[in-house]
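Protein sequence lines, in the order shown, are assigned to chains A and B. Read in order, the letters of the first sequence are residues 31 to 143 in the working numbering. Read in order, the letters of the second sequence are residues 348 to 460 in the working numbering.
Think of the hints as simulated: they come from the structure by calculation, not from any bench. Keep in mind that a hint or two might mislead.
Here are the simulated distance ranges between beta carbons [said to hold, decoys possible]:
no.	chain 1	residue 1	chain 2	residue 2	range
1	B	E416	A	Q75	25 to 31 Å
2	A	A83	B	S354	39 to 45 Å
3	A	Q111	B	D453	20 to 26 Å
4	B	V359	A	Q111	34 to 40 Å
5	A	Q75	B	I424	35 to 41 Å
6	B	F367	A	G71	18 to 24 Å
7	B	E416	A	T140	41 to 47 Å
8	B	F367	A	Q75	24 to 30 Å
9	A	E99	B	M435	31 to 37 Å
10	B	S429	A	Q111	40 to 46 Å
11	A	S113	B	S429	21 to 27 Å
12	A	K86	B	K444	18 to 24 Å
13	B	E426	A	E45	47 to 53 Å
Small disclaimer: the values here were computed from a predicted structure and weren't measured. Every residue gets a Cβ at the ideal spot worked out from N, C-alpha and C, and that includes glycine.
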Amino acid sequence: GNSVTQMEGPVTLSEEAFLTINCTYTATGYPSLFWYVQYPGEGLQLLLKATKADDKGSNKGFEATYRKETTSFHLEKGSVQVSDSAVYFCALSDPQGAQKLVFGQGTRLTINP
Amino acid sequence: DVKVTQSSRYLVKRTGEKVFLECVQDMDHENMFWYRQDPGLGLRLIYFSYDVKMKEKGDIPEGYSVSREKKERFSLILESASTNQTSMYLCASGSGKKNQPQHFGDGTRLSIL
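Bound conformation, chain A alone (with noise of 0.2 Å):
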């Protein structure tokens, strides 16, 4: 079956440090890729996605490129803010259809100034 393996948390990092949160898929088809946040208190965000092999996400630094050769989907920054602290979820979608997610752990990163 599908499933996401994200690397093992928390993360905790400086303010201004590089950050590489890891993310690999199981997945029968091509699915499209998802970076979700979250925020201490809220529900999830969409952060960037990419629907196709070699495709590049970014919003707000953040970026990740689709490797259907290493099945994953990288989450990068190169200067991270206080702001940035949440849990940062990977999820694909089903591509048998209906719109479904599949999400890895979660990881939560904290940022210290």
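Use these hints to put chain B onto chain A, whose structure you have.
Okay, now just chain B, sitting in the frame of chain A:
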């Protein structure tokens, strides 16, 4: 702007009670979803609906039911609440179009005593 509204942010109920969680979306979306979020497990799909009066089981439907009498409203029902149903519950909606993201409410933190 897109809006998914969950009726309660926090809810405390007792074991054996029948519990209703309500969700309303204002985007005329076809699909609606209920997830539960637990630490280390990410989001797990309980039920989803792709049309009024239509529903399908997700990955963890046991102990839950749903109702969708109107397009904009999707209710999650705990028939007889148990302590292992203490969790964060997230509602989401989606257009049903391929590669489009889901939109989430702020969540209901439910405690069963």
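The hints, checked one at a time:
| no. | hint | result |
| --- | --- | --- |
| 1 | E416(B) / Q75(A): 25 to 31 Å | 28 Å, holds |
| 2 | A83(A) / S354(B): 39 to 45 Å | 41 Å, holds |
| 3 | Q111(A) / D453(B): 20 to 26 Å | 23 Å, holds |
| 4 | V359(B) / Q111(A): 34 to 40 Å | 36 Å, holds |
| 5 | Q75(A) / I424(B): 35 to 41 Å | 27 Å, violated |
| 6 | F367(B) / G71(A): 18 to 24 Å | 23 Å, holds |
| 7 | E416(B) / T140(A): 41 to 47 Å | 43 Å, holds |
| 8 | F367(B) / Q75(A): 24 to 30 Å | 26 Å, holds |
| 9 | E99(A) / M435(B): 31 to 37 Å | 36 Å, holds |
| 10 | S429(B) / Q111(A): 40 to 46 Å | 42 Å, holds |
| 11 | S113(A) / S429(B): 21 to 27 Å | 38 Å, violated |
| 12 | K86(A) / K444(B): 18 to 24 Å | 21 Å, holds |
| 13 | E426(B) / E45(A): 47 to 53 Å | 48 Å, holds |
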